[in-house]
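Q: Chains as they are written, first to last, in our numbering: chain A, 32 to 242; chain B, 32 to 242; chain C, 37 to 257; chain D, 37 to 257.
It is possible that part of the hints are untrue.
[As the list claims (entries may be wrong)] Simulated restraints, written as ranges between beta carbons of each label pair: (1) Glu-191/B x Gly-174/D: 20 to 26 Å; (2) Ser-181/C x Gly-174/D: 47 to 53 Å; (3) Glu-191/A x Pro-79/D: 42 to 48 Å; (4) His-50/B x Asp-56/D: 52 to 58 Å; (5) Leu-57/B x Ile-188/A: 25 to 31 Å.
Since the hints were derived computationally from the structure, they do not count as laboratory data. Note that CB positions come from ideal geometry on N, CA and C, so glycine has one too.
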Amino acid sequence: MTDFDAGKIAEIHEHLHSHLPSESALRVKALETLLVDKGLVNPQTIDAWVEAYTEEIGPKRGARVVARAWSDPEYRKRLLEDAPAAIDELGYLGKATAHLKVVENTDTVHNLVVCTLCSCYPFSILGIAPAWYKAAAYRSRAVRDPRGVLAEFGVEIGDEVEVRVWDSTAELRYLVMPQRPAGTEGMSEDELAELVTRNSMIGTDRVLGRE
Amino acid sequence: MTDFDAGKIAEIHEHLHSHLPSESALRVKALETLLVDKGLVNPQTIDAWVEAYTEEIGPKRGARVVARAWSDPEYRKRLLEDAPAAIDELGYLGKATAHLKVVENTDTVHNLVVCTLCSCYPFSILGIAPAWYKAAAYRSRAVRDPRGVLAEFGVEIGDEVEVRVWDSTAELRYLVMPQRPAGTEGMSEDELAELVTRNSMIGTDRVLGRE
Amino acid sequence: MDGIHDLGGKQGYGPIEVNDDGDPFHEEWEGREWGIAQCARTPGITIDWWRHCRELIMPIDYLGRPYFDSWAQTDFSTYIEAGWMTLEEVAGGKGGTDDAAHGEPPAAMTLQQVLQEDHDHAHRFDGDIDAAPAFSVGQRVVTASHGHAGHTRLPQYARGRTGTVQAYNGAHVFPDLSAQGIEVHQHCYNVVFAASELWPEASGSKDKVCLDLWESYLSEA
Amino acid sequence: MDGIHDLGGKQGYGPIEVNDDGDPFHEEWEGREWGIAQCARTPGITIDWWRHCRELIMPIDYLGRPYFDSWAQTDFSTYIEAGWMTLEEVAGGKGGTDDAAHGEPPAAMTLQQVLQEDHDHAHRFDGDIDAAPAFSVGQRVVTASHGHAGHTRLPQYARGRTGTVQAYNGAHVFPDLSAQGIEVHQHCYNVVFAASELWPEASGSKDKVCLDLWESYLSEA
């Protein structure tokens with residue numbers, strides 16, 4: 032049981048700073064070895080979690096949700112009203128999406144998602160977050176200089192567009208619904224899903240379907 | 032000539048991060064070698080600066096000033112009114128003391144000096160700052176938790192005493208005048224100077240003359 | 037706490053590494069750590085306590101080590117604090133001689149089982165409370181000007197600032213207390229701030245920043 | 037800038053290494069760097085520009101490297117920006133083939149000469165200006181709630197806070213502009229703040245924090 036003793040945790044961190052191996056791989060190896068040695072985890076379960084987030088759960092889920100919303104106005108309505116229920120229709124409900132909100136890009140609004148305090152992310156629908164999302168540069172700048180950040184991603188935002196940054200400070204998670212590209216009227220849901228990039232669902236991509 | 036181009040400086044820092052030797056000694060060696068190679072500095076002048084701040088300029092100067100102020104009420108008055116002129120009477124005026132202010136401890140006031148934004152310090156009267164003065168722990172905590180900081184230095188401050196922290200945000204520098212210990216009435220200025228610790232002139236020491 | 041983790045608006049962190057190949061894990065140990073964090077949680081732990089333990093990592097390590105490495109560091113600290121392992125065992129790289137500590141390992145979970153657990157882990161943090169919400173949508177609110185030494189979710193950049201309630205989120209577990217093991221619900225709102233209220237560079241901008249904030253962080257403007 | 041250097045009140049930096057042997061330099065290179073910084077300054081440099089260049093060091097290096105090492109890093113950056121040396125020369129560890137860059141070294145200075153220079157370097161930063169001071173001793177003032185991306189000497193912890201002018205320091209070189217090479221004087225005051233105005237933990241405390249602040253950082257409270 033934890034005592035929720037922050038002072039003790041700080042001391043442990045200082046101790047570990049000088050007593051753990053200097054390489055990340057060796058530190059994590061030491062952690063797994065101890066946990067297995069003590070009978071606290073089963074390494075095959077770790078294998079299964081890695082497989083789940085490598086093969087099964089990833090941004091293709093989000094892309095499917097967006098493509099369906101583009102194709103089916105009723106689904107789109109349900110998604111905007113109650114995203115967890117709508118994504119559960121596709122079996123995608125899971126970690127960090129129980130209180131998901133979908134925020135919609137329009138001609139005059141662009142949405143961008145960040146977590147400045149840690150790296151909150153809607154795992155079950157987007158998979159593991161990209162490295163830049165978890166890095167200090169993005170976390171520090173997205174709220175203060177979103178247009179500069181977007182420019183680094185190659186996204187130019189016109190003056191007529193309002194940028195709305197969502198800082199994930201609570202247990203709500205945000206998924207950006209990008210705009211459906213022009214000229215895709217005849218496309219199937221599968222074809223549409225191919226157009227939806229992971230970055231567009233975080234907000235660091237805007238105009239889809241261009242080469 | 033400098034262009035005062037902050038963006039360029041940031042880029043240089045990033046570049047140097049990956050292209051300089053990893054050890055401090057080697058980095059500084061590389062710096063001196065280049066400067067000498069280009070005829071921009073004379074290494075003997077560097078020797079002289081090191082000698083000046085090792086043999087000549089240090090906290091003994093501050094201790095002498097404090098001891099004189101304890102011994103000579105007229106000097107004390109001049110010191111509190113115009114510290115640069117008073118320290119120049121002893122030949123101690125110099126780097127970072129042209130706008131020195133002396134702040135006096137009393138039974139009900141304890142003064143503590145810090146520079147939270149860099150590590151400003153009255154060099155010509157105290158010499159090179161101790162490592163802790165320049166470290167993040169002291170710089171971050173002195174303004175927020177001065178009593179906790181003082182406790183780590185073994186200094187207990189009673190509730191009847193107000194702690195006054197001086198954050199050196201401008202080109203003024205602060206020297207704490209500690210209280211003259213009881214029972215030192217018969218001591219010479221030389222003997223008194225022996226009692227004055229460097230820390231007491233920064234404010235991380237308070238009651239002097241105890242073993 | 038006003039820790040190194042509170043990065044919003046801080047400057048000097050350089051350009052963003054925008055190139056990413058889309059792989060979830062770039063080194064094997066990253067996947068192992070992800071898996072460990074999913075299946076090895078000490079009893080009584082809360083997400084807010086875990087986050088606070090991560091915030092307490094030494095700043096030089098917080099900034100200097102890869103992301104999932106900071107998870108491993110956080111796990112180590114929670115396991116040690118909770119008595120699952122000792123500093124000596126960690127330094128030595130293996131379990132001690134205390135046989136009692138060596139239990140039967142949990143049964144292996146299959147891919148289907150972890151997918152099911154992932155689905156079942158869709159935990160909501162809102163719940164019913166008696167008190168009515170103090171603020172309503174459209175109302176102007178001002179945030180607290182101080183944080184505190186513990187875990188809190190009001191970032192420094194949004195302190196002492198005026199915004200507008202744009203949504204009511206329900207009563208959510210209050211993180212400042214949850215990080216101390218106390219679960220109470222408190223009304224939570226989405227508050228929108230003009231960028232110009234938050235940043236000196238944003239004067240004249242129409243951009244916005246939206247945060248989910250608990251009632252005790254807010255006052256009537 | 038809201039950089040890593042702005043440490044006042046930040047939490048998580050651990051205990052203080054209170055033990056110190058009193059030696060000015062603990063390793064030889066520290067003394068060499070001190071000496072270099074005293075005698076190798078690029079033309080036109082200001083103390084505020086040099087400080088800003090130090091603030092711009094990558095956070096991981098700012099926190100992770102010894103103090104005088106950060107001076108060396110700052111010197112490197114100012115020398116390179118000012119054209120005294122190139123990144124290529126620094127990476128290569130020696131001067132390039134450009135013979136024109138190799139001048140006659142300055143004459144060696146003796147101990148007595150540097151002591152005299154130290155004394156003569158007692159530079160004051162105050163000067164006369166026409167405008168009368170806007171604030172008087174005893175007056176209540178409130179600090180600006182925003183900083184800016186450049187160099188500034190109003191720390192984050194003292195922004196948007198109310199204090200009392202307790203001394204007038206004269207008109208001092210304004211660092212925010214001096215860091216851009218522009219020397220203008222501006223009235224500067226010592227302002228005392230109740231600790232309880234600055235810190236959540238200090239409620240009920242009678243402690244004080246005193247800062248020297250320029251007129252444009254302040255408004256009437």
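Q: Does each hint fit the structure? Answer for all of them.
A: So, going through the hints one by one against the coordinates:
1. Glu-191/B x Gly-174/D: 20 to 26 Å: holds, 25 Å
2. Ser-181/C x Gly-174/D: 47 to 53 Å: Once the Cβ atoms are compared, 24 Å apart, the range 47 to 53 Å for Gly-174/D and Ser-181/C is violated.
3. Glu-191/A x Pro-79/D: 42 to 48 Å: holds, 47 Å
4. His-50/B x Asp-56/D: 52 to 58 Å: Between His-50/B and Asp-56/D, where Cβ atoms are some 33 Å apart, the hint is violated.
5. Leu-57/B x Ile-188/A: 25 to 31 Å: violated, 45 Å
Hint violations for this structure: numbers 2, 4, 5, all remaining hints satisfied.
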